[in-house]
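Asker: Residues per chain are reported as follows:
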Amino acid sequence: MGFFNRLKESLSKTRQGLVEKIENLITGRQVIDESLYEELEEALIGADVGVETSLELMETLRRRVKEQKLRDPARLKPLLQELITDELGTGDSSLNRGGPPTVILVVGVNGVGKTTTIGKLAYYYKTRGERVLLGAADTFRAAAIDQLEIWGRRVGVDVIKHREGSDPAAVAYDALQAARARKMDMLIIDTAGRLHTKSNLMEELKKIRRVLGRELSGAPHEVLLVLDATTGQNAISQARLFSEATGVTGIVLTKLDGTARGGVIIGIRRMLNIPVKFIGIGEGVEDLQPFNPQEFAAALFD
Amino acid sequence: MIFAGLAEKLQETFRRLKSKGRLTEADVDEAMKEVRRALLAADVNFQVVKSFVARVKERAVGQDVLSSLTPAQQVIKIVREELAGLMGGTQSKLNMAPKPPTVVMMVGLHGAGKTTTAAKLANLMRKQGRRPLLVACDVYRPAAIKQLQVLGEQLDIPVFSMGDRHTPVDIARAAVEHATRQGRDLVIIDTAGRLEINEEMMAELEELKAALRPHEILLVVDAMTGQVAVNIAETFNKRLGLDGVVLTKLDGDTRGGAALSIKAVTGCPIKFVGVGEKLDALEPFHPDRMADRILGMGDVLTLIEKA
Ligand SMILES: Nc1nc2c(ncn2[C@@H]2O[C@H](COP(=O)(O)OP(=O)(O)OP(=O)(O)O)[C@@H](O)[C@H]2O)c(=O)[nH]1
Ligand SMILES: Nc1nc2c(ncn2[C@@H]2O[C@H](COP(=O)(O)OP(=O)(O)OP(=O)(O)O)[C@@H](O)[C@H]2O)c(=O)[nH]1
Ligand SMILES: [Mg+2]
Ligand SMILES: [Mg+2]
Chain W
75 MGFFNRLKES LSKTRQGLVE KIENLITGRQ VIDESLYEEL EEALIGADVG
125 VETSLELMET LRRRVKEQKL RDPARLKPLL QELITDELGT GDSSLNRGGP
175 PTVILVVGVN GVGKTTTIGK LAYYYKTRGE RVLLGAADTF RAAAIDQLEI
225 WGRRVGVDVI KHREGSDPAA VAYDALQAAR ARKMDMLIID TAGRLHTKSN
275 LMEELKKIRR VLGRELSGAP HEVLLVLDAT TGQNAISQAR LFSEATGVTG
325 IVLTKLDGTA RGGVIIGIRR MLNIPVKFIG IGEGVEDLQP FNPQEFAAAL
375 FD
Chain G
2 MIFAGLAEKL QETFRRLKSK GRLTEADVDE AMKEVRRALL AADVNFQVVK
52 SFVARVKERA VGQDVLSSLT PAQQVIKIVR EELAGLMGGT QSKLNMAPKP
102 PTVVMMVGLH GAGKTTTAAK LANLMRKQGR RPLLVACDVY RPAAIKQLQV
152 LGEQLDIPVF SMGDRHTPVD IARAAVEHAT RQGRDLVIID TAGRLEINEE
202 MMAELEELKA ALRPHEILLV VDAMTGQVAV NIAETFNKRL GLDGVVLTKL
252 DGDTRGGAAL SIKAVTGCPI KFVGVGEKLD ALEPFHPDRM ADRILGMGDV
302 LTLIEKA
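First to last, the sequence lines map onto chains W and G. Taking our numbering, the leading residue of the first sequence gets 75, the next gets one more, and so forth. Taking our numbering, the leading residue of the second sequence gets 2, the next gets one more, and so forth.
Hints may contain errors.
[Said to hold, decoys possible] Below 30 Å or equal to it, Euclidean Cα-Cα: the simulated DSS-like pairs (lysine-lysine) are:
(1) G:LYS239 with W:LYS95
(2) W:LYS95 with W:LYS140
(3) G:LYS51 with W:LYS140
(4) G:LYS210 with G:LYS128
(5) W:LYS272 with G:LYS128
(6) W:LYS143 with G:LYS34
[As the list claims (entries may be wrong)] Here are some chain W residues the structure puts well away from chain G; computed CB gaps all over 12 Å:
(7) GLU97
(8) LEU129
(9) ARG136
(10) ASN184
(11) TYR198
(12) ASP259
(13) GLU277
(14) SER317
(15) THR328
(16) PRO364
Just so you know, these hints were derived from the structure itself, not from any lab. Quantities reported herein were computed from a predicted structural model and do not represent experimental measurements. Positions of the beta carbon are idealized from the N, C-alpha and C atoms, including for glycine.
Whole structure, please, built from the sequences with the hints as guidance.
Answerer: In structure tokens:
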């Protein structure tokens with residue numbers, strides 16, 4: 075299966091959520107009226123796009139319809155697709171590079187898929203010929219280190235670790251030393267899940283950042299915020315607060331293989347302008363794909 | 002915050018309207034728009050919001066809200082009552098087996114908090130005099146068994162496991178036998194995270210249910226879940242017949258509209274809420290507190306009292 079078809083297949087549930095709903099709303103309608111707008115707005119909200127963003131999208135839609143003097147409801151779908159594609163931006167999803175090694179810090183709230191994403195990322199870059207090392211800086215959650223080690227074995231990359239309960243910044247420091255000594259191309263650091271509202275835990279992330287930056291200028295070159303696509307409007311608060319604390323440079327949107335609509339990324343893009351770099355579409359090593367906004371929107375709509 | 006408190010918004014709306022003189026039904030419509038936005042911003046399912054708003058409107062128009070001096074407060078009072086009512090009374094009790102052991106099964110999506118909640122629940126129930134046994138039936142996720150073992154060790158509560166080479170049904174059966182022999186009166190089964198649309202994995206839960214006849218099947222839901230919370234809960238409920246819901250990660254700033262939606266659609270009571278990563282951070286559910294949280298208003302109580 076080609077990349078595009080695989081993406082489309084994994085997004086089939088998202089399609090069912092949003093696009094088919096839009097299609098159903100439109101077919102059989104004769105006129106574009108207020109009740110149609112209202113139902114379209116509900117479809118967007120139902121896809122976790124959010125009230126604010128949905129209202130704004132509908133306003134633009136109304137304006138365009140007026141400007142272009144559209145009458146046929148069928149014209150609304152391509153128009154909406156265009157608006158959403160614009161919203162998602164045209165950004166390039168490749169990671170910021172630096173070093174060597176390129177240092178990637180992975181952060182996010184509890185259970186979103188950080189550790190799993192790191193396993194998949196390591197696989198992604200290893201199969202592209204890069205030398206990857208992992209740092210187990212989640213020293214807090216029960217068996218988090220074991221989990222990362224299993225991923226390391228699965229993918230065939232080493233994991234630098236300390237004991238459970240030790241200082242995560244010290245793990246990050248050691249991992250960076252090891253990555254340099256072993257001439258690695260890339261170091262990916264796992265961190266413990268934490269709610270963005272807990273300032274002491276956000277301080278801990280800042281400290282990891284500082285330690286990395288002191289050892290290697292420009293590090294971490296990429297701070298990836300992992301967001302669960304089933305998350306609703308709270309994702310915006312997560313993106314905002316993690317950005318403030320750690321300078322997030324990219325988002326990985328996971329669990330898009332579920333019934334999640336992932337519509338919340340439209341709002342995040344709009345409000346915070348952080349690009350989505352990868353999407354997670356399963357629990358296997360290969361279930362990670364670079365994010366391409368155009369293709370994402372197209373896969374949503376075609 | 003995206004949404005600056007429903008209370009102020011309503012006050013503002015009514016003040017604006019009042020300058021026109023008498024309030025009309027259309028004015029209530031205007032206010033209901035604010036209520037709708039507040040609920041949607043809190044991730045309450047849009048279909049639930051629709052019927053909810055209609056019901057509140059009916060009550061608001063029927064009562065003397067329009068002519069009252071404090072219409073905003075009256076509306077909020079109605080909204081709050083309806084919300085709390087929708088989430089049901091407190092019911093944080095597990096179904097207990099007439100003849101021990103009681104078997105509890107934790108189910109849910111990936112990363113919702115099943116394993117952690119299993120351990121928290123064991124801890125809570127032990128405080129109430131039970132003798133729990135934790136059972137590691139997640140044979141898929143890397144280090145899932147180890148995770149439960151570490152938590153069990155921290156609590157000094159036994160964990161039954163048979164590695165990842167047996168089926169969950171075999172493990173769970175053996176665990177119940179083991180519990181009976183050891184005089185353990187509560188068996189809490191941790192299962193792997195799964196998508197509700199994954200046929201094979203859902204069938205596995207049905208098999209587990211058929212083999213064990215659990216007294217309690219608890220759906221563990223991340224409180225930050227968006228609009229899909231309803232679909233997820235409905236599917237789990239249809240296939241398994243849920244006895245209760247546990248809402249996790251409420252220690253953050255999520256409004257937790259998922260809670261209301263799930264209760265409204267499945268009728269399944271929310272029994273506990275998770276409010277932290279520590280193993281004592283599991284609490285009984287309070288519908289009224291949740292209502293205030295969803296509406297995003299700590300200051301509302303005082304407003305209502307004045308009304
Ligand atoms: N279906 C699906 N499951 C995923 C995906 N990514 C991760 N998961 C699952 O989500 C669960 C949580 O993943 P983890 O990688 O442990 O999440 P985490 O963010 O590291 O969790 P903490 O370290 O506890 O905060 C696991 O069961 C993973 O298998 C995905 O893209 N799709
Ligand atoms: N802040 C907070 N974190 C929680 C809460 N409950 C669970 N967690 C965290 O959420 C993450 C996922 O919890 P798990 O218990 O591993 O979730 P799970 O459902 O068993 O995950 P899978 O087995 O991968 O499907 C962990 O980091 C937990 O510490 C809670 O109430 N508050
Ligand atoms: Mg992790
Ligand atoms: Mg688990």
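Asker: It remains to establish, for every hint, whether it holds in the given structure.
Answerer: To see whether the hints hold, each was checked on the structure:
| no. | hint | verdict |
| --- | --- | --- |
| 1 | G:LYS239 with W:LYS95 | holds, 23 Å |
| 2 | W:LYS95 with W:LYS140 | holds, 23 Å |
| 3 | G:LYS51 with W:LYS140 | holds, 28 Å |
| 4 | G:LYS210 with G:LYS128 | holds, 27 Å |
| 5 | W:LYS272 with G:LYS128 | holds, 28 Å |
| 6 | W:LYS143 with G:LYS34 | holds, 29 Å |
| 7 | GLU97 | holds, 18 Å |
| 8 | LEU129 | violated, 9 Å |
| 9 | ARG136 | holds, 17 Å |
| 10 | ASN184 | violated, 6 Å |
| 11 | TYR198 | holds, 18 Å |
| 12 | ASP259 | holds, 24 Å |
| 13 | GLU277 | holds, 17 Å |
| 14 | SER317 | holds, 15 Å |
| 15 | THR328 | violated, 9 Å |
| 16 | PRO364 | holds, 22 Å |
Hints 8, 10, 15 from the list above are not met by this structure, while the remaining hints are.
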